[in-house]
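Undergrad: The working numbering puts the first residue of the sequence shown at 4, with every later residue one more than the last.
Everything labelled a hint here was simulated from the structure, so no lab data went into it. Only a predicted model underlies this, so the values are computations on that prediction, with no experimental measurement involved. Hints may contain errors.
Straight-line distance between alpha carbons at most 25 Å, and here's what the computed SDA-like set of lysine to any residue pairs gives [to be verified]: (1) K142 x D108; (2) K142 x N13; (3) K115 x Q35; (4) K86 x N116; (5) K89 x F111; (6) K86 x K115; (7) K27 x K89; (8) K89 x F49; (9) K147 x N128; (10) K115 x W50; (11) K147 x R85; (12) K27 x P139; (13) K115 x Q76; (14) K27 x R14; (15) K147 x A137; (16) K27 x A112; (17) K146 x K89; (18) K142 x I90; (19) K38 x D108; (20) K142 x S12; (21) K115 x F49; (22) K146 x Q58; (23) K86 x D108; (24) K27 x E151; (25) K142 x G127; (26) K115 x W44; (27) K38 x N77; (28) K86 x Q58; (29) K38 x N13; (30) K19 x L66; (31) K19 x V47; (32) K38 x A110; (33) K38 x T132; (34) K146 x R37; (35) K27 x W50; (36) K86 x E143; (37) K115 x V40; (38) K142 x R120.
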Amino acid sequence: MARNKVAKSNRPLAEKAAEHYLHKVCGCDPAQIRKAVRTMWQSVDFWAADVMGRQARGEINGLVFYAQVTAGQNEAVRVRRRKLEKISWNIFESVMVLQLVEQPDPAFARRKNFYFRVHRLDHGNMTWTVDDKAYPVPKEWFKKLRIEGYSFNFLPLVSRQS
């Protein structure tokens, strides 16, 4: 008996790509990019956002980016936007919804091209604007964010010597 195939969700891939977006496009420090976690033993929530990042030193110091990520259609974006509008945000916080969109590659029928459509919240009048530019998402953005020569270990390793 054959099993029915279930469509794979792109949400985990979209969250990994959002980390890369915050680092490469927004200039966030990779050590200060965090994903929201919800497990049986642990819960880290960023006020309805999936990914949070703080901008690197030297730029506008202290600017924080909150990104809600979806791989769904316009209805999923609308629900997430309404959820983020209910929260009172600080002026130093940039709130966005990153919509991962896939399109078939015209050159290769079986490949897909991915890009982010970015919806930004304007704090003054609580309206949303969509960026004119679609940010392409390369394949390597679907892997965990790793920076060469950058240490994510905050505590020094202590070797045991007998």
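Undergrad: Can the restraint linking K38 and N77 be considered satisfied, given a maximum Cα separation of 25 Å?
TA: It holds: about 23 Å lies between the C-alpha atoms, which stays within 25 Å.
Undergrad: Has the given pair, K19 with V47, been kept, meaning a C-alpha gap of at most 25 Å?
TA: 17 Å, holds
Undergrad: If you draw a straight line from the CA of K86 to the CA of Q58, is it 25 Å or shorter?
TA: 24 Å, holds
Undergrad: Is K142 close enough to S12, meaning Cα to Cα at most 25 Å?
TA: 16 Å, holds
Undergrad: For K147 and A137, compute the direct alpha-carbon distance and say whether it is at most 25 Å.
TA: Given pair K147, A137 holds - Cα atoms ~22 Å apart, limit 25 Å.
Undergrad: Sort out whether N116 lies within 25 Å of K86, counting only the CA atoms.
TA: Violated, at roughly 29 Å.
Undergrad: Does the alpha-carbon distance linking K89 and F49 stay inside the 25 Å limit?
TA: OK: K89 and F49 at ~14 Å, within 25 Å.
Undergrad: Could you grab the alpha-carbon distance between K115 and V40 and see if it respects the 25 Å cut-off?
TA: 29 Å, violated
Undergrad: Below or equal to 25 Å on CA atoms is what counts here, so check K147 against R85.
TA: The given pair, whose Cα atoms are some 29 Å apart, is violated under the 25 Å limit.
Undergrad: Hinted pair, alpha-carbon criterion (25 Å max): K142, N13. Please report holds or violated.
TA: OK: K142 and N13 at ~13 Å, within 25 Å.
Undergrad: Take a quick look at whether K142 and I90 sit within 25 Å of each other, Cα to Cα.
TA: 33 Å, violated
Undergrad: Between the alpha carbons of K27 and P139, is the straight-line distance 25 Å or under?
TA: Distance ~12 Å between K27 and P139 Cα, so the pair holds.
Comparing the model with each numbered hint stated earlier shows that hints 3, 4, 5, 6, 7, 9, 10, 11, 16, 17, 18, 19, 21, 23, 25, 26, 32, 36, 37 do not hold.
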